Structure formats: C-alpha cells, structure tokens
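The chain contents come next:
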Amino acid sequence: MQQDLRSVEAHQSMNLTIVRIGIITVSDRASRGEYEDRGGPAIRDYLTEVLSCPWEPVACVIADELELITDTIKKLADNDGCSLIITTGGTGPARRDVTPEATEAACDKMLPGFGELMRKVSLEKVPTAILSRQTAGVRGSTLVLNLPGQPRAIRECLDAVFPAIPYCVDLIEGPRLTTDEQRIRAYRPPGAKP
Amino acid sequence: MQQDLRSVEAHQSMNLTIVRIGIITVSDRASRGEYEDRGGPAIRDYLTEVLSCPWEPVACVIADELELITDTIKKLADNDGCSLIITTGGTGPARRDVTPEATEAACDKMLPGFGELMRKVSLEKVPTAILSRQTAGVRGSTLVLNLPGQPRAIRECLDAVFPAIPYCVDLIEGPRLTTDEQRIRAYRPPGAKP
Amino acid sequence: MQQDLRSVEAHQSMNLTIVRIGIITVSDRASRGEYEDRGGPAIRDYLTEVLSCPWEPVACVIADELELITDTIKKLADNDGCSLIITTGGTGPARRDVTPEATEAACDKMLPGFGELMRKVSLEKVPTAILSRQTAGVRGSTLVLNLPGQPRAIRECLDAVFPAIPYCVDLIEGPRLTTDEQRIRAYRPPGAKP
Chain A
122 MQQDLRSVEA HQSMNLTIVR IGIITVSDRA SRGEYEDRGG PAIRDYLTEV LSCPWEPVAC
182 VIADELELIT DTIKKLADND GCSLIITTGG TGPARRDVTP EATEAACDKM LPGFGELMRK
242 VSLEKVPTAI LSRQTAGVRG STLVLNLPGQ PRAIRECLDA VFPAIPYCVD LIEGPRLTTD
302 EQRIRAYRPP GAKP
Chain B
122 MQQDLRSVEA HQSMNLTIVR IGIITVSDRA SRGEYEDRGG PAIRDYLTEV LSCPWEPVAC
182 VIADELELIT DTIKKLADND GCSLIITTGG TGPARRDVTP EATEAACDKM LPGFGELMRK
242 VSLEKVPTAI LSRQTAGVRG STLVLNLPGQ PRAIRECLDA VFPAIPYCVD LIEGPRLTTD
302 EQRIRAYRPP GAKP
Chain C
122 MQQDLRSVEA HQSMNLTIVR IGIITVSDRA SRGEYEDRGG PAIRDYLTEV LSCPWEPVAC
182 VIADELELIT DTIKKLADND GCSLIITTGG TGPARRDVTP EATEAACDKM LPGFGELMRK
242 VSLEKVPTAI LSRQTAGVRG STLVLNLPGQ PRAIRECLDA VFPAIPYCVD LIEGPRLTTD
302 EQRIRAYRPP GAKP
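Residue numbers (the working numbering), protein chains in the order written: chain A, 122 to 315; chain B, 122 to 315; chain C, 122 to 315.
Here chain A stands alone, though its shape is the one from the complex (with noise of 0.2 angstroms):
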C-alpha cells in the first residue's frame, strides 16, 4: 500500500493524475474461493471500456461481513487514495447481504437517487429487482457506489448511473473523471467549472 501510494505520488508530481478505483467484490464463497469472482472483472471491463481518463483499480474479495465491508471502504477510501469505489454483491435481502449497511456505516451521506434509477432499469428486466438494496453515498471526496453480483445486471446499472459519476466526483473534490463520449456521455451541467 505504501508503494502504491508512493507511485500515485509520483505520477502526480510528474503532473499526471491516475484515478484510483476501489473494486470489492462481496462474497462469501468467491472470498473462500469456492466461486470464481465475476463481479469485479466485470466492473473492470466496464470501466476499461469507458473511462478516458488514466486510471487503476484496487481490487479486493471479502466476505459478507458488515465491519470488514465497512472496514475495506475506510480503507481504500482514506489510505489507498480511491475516488470511487465500486462494491458488487451483498445487496440482497438474504441474512447475509449486509453490503448496504456496511456502505452508509462507512458514509457521512447517502445518495438514494442511485439505488431508486438502478431498481428502475432492472425493474424493466426482472420483477424481483425491487429486492435489491443498493444504494450510493460519499465518504469525504469518495463516492461509494453499491452493485447487484450479476455481470449482465452491473451493466445495466452502470450504464444507468454512470452519466451522473464523473459530475458527482466534481462536486466532492475528487479527480475529474473523463469517458469515450461514444460509449457515455458524462454530463456536467452548463457552467459547472471545468
């Protein structure tokens, strides 16, 4: 972590921002590796195919329990320097899903815009999208953002939100985030600074 650090400062003082993203996949047996994780690649080729702006993943397998989750958070977001950090899995309404408690225990506020547009779009797919919990919120200058554990729902969400992120992260302070216009356009509202 410290090497990690050090190299983001590098990259800085030589007048190039590298963005950090937190990826946490959260699952019980992908973090016992009985399960391949598919959550966080997924949301790594996501962003891969639409962020143009220099950025890293930190990417990490925990399981579903509410302090580490809270725990990983405060970490990738005060100590690994991430800008927004993406959780998958955990949202649900099983006794294990606690991905959303751990995600406002870690937040000074909570964002319901997001999970209120992500249950809509996946209300068009499946009616059960309503069981879904996530949510969003901001840890200093760092957005959270929570996603269902399907690769074909993170899409759909992503693309529902993703317009919104790179505005949001202006707004708390965090790097400015840019993507290929063709695939996203981020919207900044005429006369945001730039």
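Read the hints as simulated data drawn from the structure, not as lab findings.
Keep in mind the model is a prediction, meaning the values are calculated, not measured.
Please note that the accuracy of each hint is not assured.
Copies of the same chain look alike in the list, so a pair counts if it fits in one copy or across any two.
Lysine-lysine pairs mimicking BS3-like chemistry, simulated, CA-CA at most 27 angstroms apart [to be verified]: (1) K246 to K230; (2) K241 to K230; (3) K230 to K196; (4) K196 to K241; (5) K230 to K195; (6) K195 to K246; (7) K196 to K246.
For this one, chain A is given, so just place chains B and C on it according to the hints.
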C-alpha cells in the same frame, strides 16, 4: 397461540407445509369497533385468489400505536411462525400514522424497492400517492410488507409487488410460495434453486 | 417574531386565516451577500402564481450549517406558525450540502415519495438529477419540503409535487390550502372532509 403452533407442527410432521401469513389491520377506529375493517379482508381475499399453496391467515386489528404495532409484528414472526406479514393502514403523514416506523423497528433490514414501486403504481391513479410512506423489511425469515388502507389501493399495490414476493421468501429461507400463474406469475431467476 | 405572531392571531380572531409559508434559502454565498438569492424569490413567485388562499411568506437566507438549518426549520414551524416550509439549496453531494440531514433532524416523520418523484421528473431533463438528495417530512402540523437551488428546477419540482401538498397539510391538521385550478389542481380524495 400454543395450540396454533402445535397444529402447524402436526401438519409439518405429515409433510404438509401450511404457510402462515399475518394480516395486521392498523386502525384506531377499526380496533375500537367504530369502523368495519375492510383492509384485512381485502388482503385475505387477494391471497386466496392468488396463492396456490396451502396457507392460513393469522389476522388481527390493532390501534395506531407504535410499540403495539412493532410488538405485533415480532409476535407474528417469532411466535406464530408467519413467513409473510402484511399490514394495512397507518402509512400516511398524519400524526397517528406510524406503521412504517413500527415496521422499521421490528425489521433487521429494509427493502426500499417495495415502497418505491408501490408509490409509482399508485401515482398513476392519484397524485397524493407520494404521501404514502409504506415500506417493506425482513425480520429473520419473515418478510414484512406495508400496504395502504383502501381496498382498491391494496390490490393495485399487491399486483405490483407480488411477482417478487415468493423469491424474496426463498432468499430469506422461508417456505416455498406458489401462485396461480393465470393471476400472478411469481418470478424466480433461472438457476434459482427449486 | 412576537409582532408577527400577534398579527396572525389578530387575523384569526377576525376569522381570516392567513397561511404562513416559510421559505429558507440555504446558501453560504447568498448568506454572505456574495451571491444574489434567486431560489427564495422563485419559490415566492411560484406560490403567488399558484395559491388562491391568503398567505404570507416568512423568508430567510442562511448558511449551509446543519444545526442552523435545523433550528431555523424548528423556529419557523413552532414559533412563526408556518404550515409549510420550503427550503432551496444544499441538497447535493458536496461537503457543505446538509439540508436533507437538517430536515430529517427537525422532522417527526419522513415522506420519501416527495424526493422520489422530484428526482424522477428532474431525471427527464438531466442525468445528474440522481445526485439530489432532496426529501420532505413533517414536524407537528408543518410540512417541510426541500427543493434544489436552480429556479428552473424549483418550478419543475413544485409542479410535480404541489397537487399533493394541500391534502397533505389537511392530513397533518394544518390550514386549508387552495390553488388556482387553471395552474395546479390540488387533489383531495372523494370523501375527504372539506
């Protein structure tokens, strides 16, 4: 109550699962007998029409008292073995409307997607649908769902959310609910364990 | 304030009810005079255009300070007799945006349907509508509503939710609000007491 539980155990020992569903009418006036309870019977009629598995109602009519509502939800879930508890009434903005707060106090986790969808479908009928604060949550292996008080609104809301209820009850390790597919098609994702 | 209250009492003793509506502009810059308050006047203009009952505004411009916003909402509700309090500004994800938290701290119960509908209508215009955390709640007999800061968004949001506001104020035992039906049709369910 003891007798009811023994009766369920007897059925289970014969390999017959009878799903128990709590129906709580929350209304000061109905609880004092000043007003006929129309919400509770509307829910019962709906379930009779839609469910194809054996089930039995555990119904009660109580006043709009926060602690009483919370305790009744807990009792129906923990002592009476209800897998699904549906409330009617007490979800508006008035001073005595406290059903959502009582539900949250009884639940381990909340499912905001239910309230969002029910308000959305009610909003197609009346602009005052946004005044409803109805929600859903999970206590242990029991799904708790708030509905409004009016029989017409009860049916609209149940039609909207019922397709997701059987799979939700699966996920929280409750019994397998089945529906009359001509009436409501319960959705379970491909690959969900039967 | 004492004088204001006496004036309301005088009107009431003449059998004239003048509805008082609090308008709180939440903005660090406007409160320091560095920026013209445009949100507060936009709300006032809207209400003048839409309400057909006698009403008077109680307006103020305050900084984005959690405790100050909460205290101002409480004062307008409890001391100044406002039946409706509308805030503008401070609903985004930025560090200084704390109006929703301040509103929740001042309210007895929350009405999530307002925020959901306002985000939905704003989302038809801009994808960043999901960043707004605006909500509504009830303190005693007072409805508290958050609006965004931009005058255009203020009108869009009020057009969406205003049809439900007069009946909401009825339900919380506030005064009877009436609207110019050419402009906004206030909905009261058939059978609601006049």
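Results of checking the hints against the structure:
{"no.": "1", "hint": "K246 to K230", "result": "between (30 angstroms within a copy, 24 angstroms between copies)"}
{"no.": "2", "hint": "K241 to K230", "result": "both (22 angstroms within a copy, 20 angstroms between copies)"}
{"no.": "3", "hint": "K230 to K196", "result": "both (17 angstroms within a copy, 25 angstroms between copies)"}
{"no.": "4", "hint": "K196 to K241", "result": "neither (31 angstroms within a copy, 34 angstroms between copies)"}
{"no.": "5", "hint": "K230 to K195", "result": "both (14 angstroms within a copy, 22 angstroms between copies)"}
{"no.": "6", "hint": "K195 to K246", "result": "neither (33 angstroms within a copy, 34 angstroms between copies)"}
{"no.": "7", "hint": "K196 to K246", "result": "neither (35 angstroms within a copy, 36 angstroms between copies)"}
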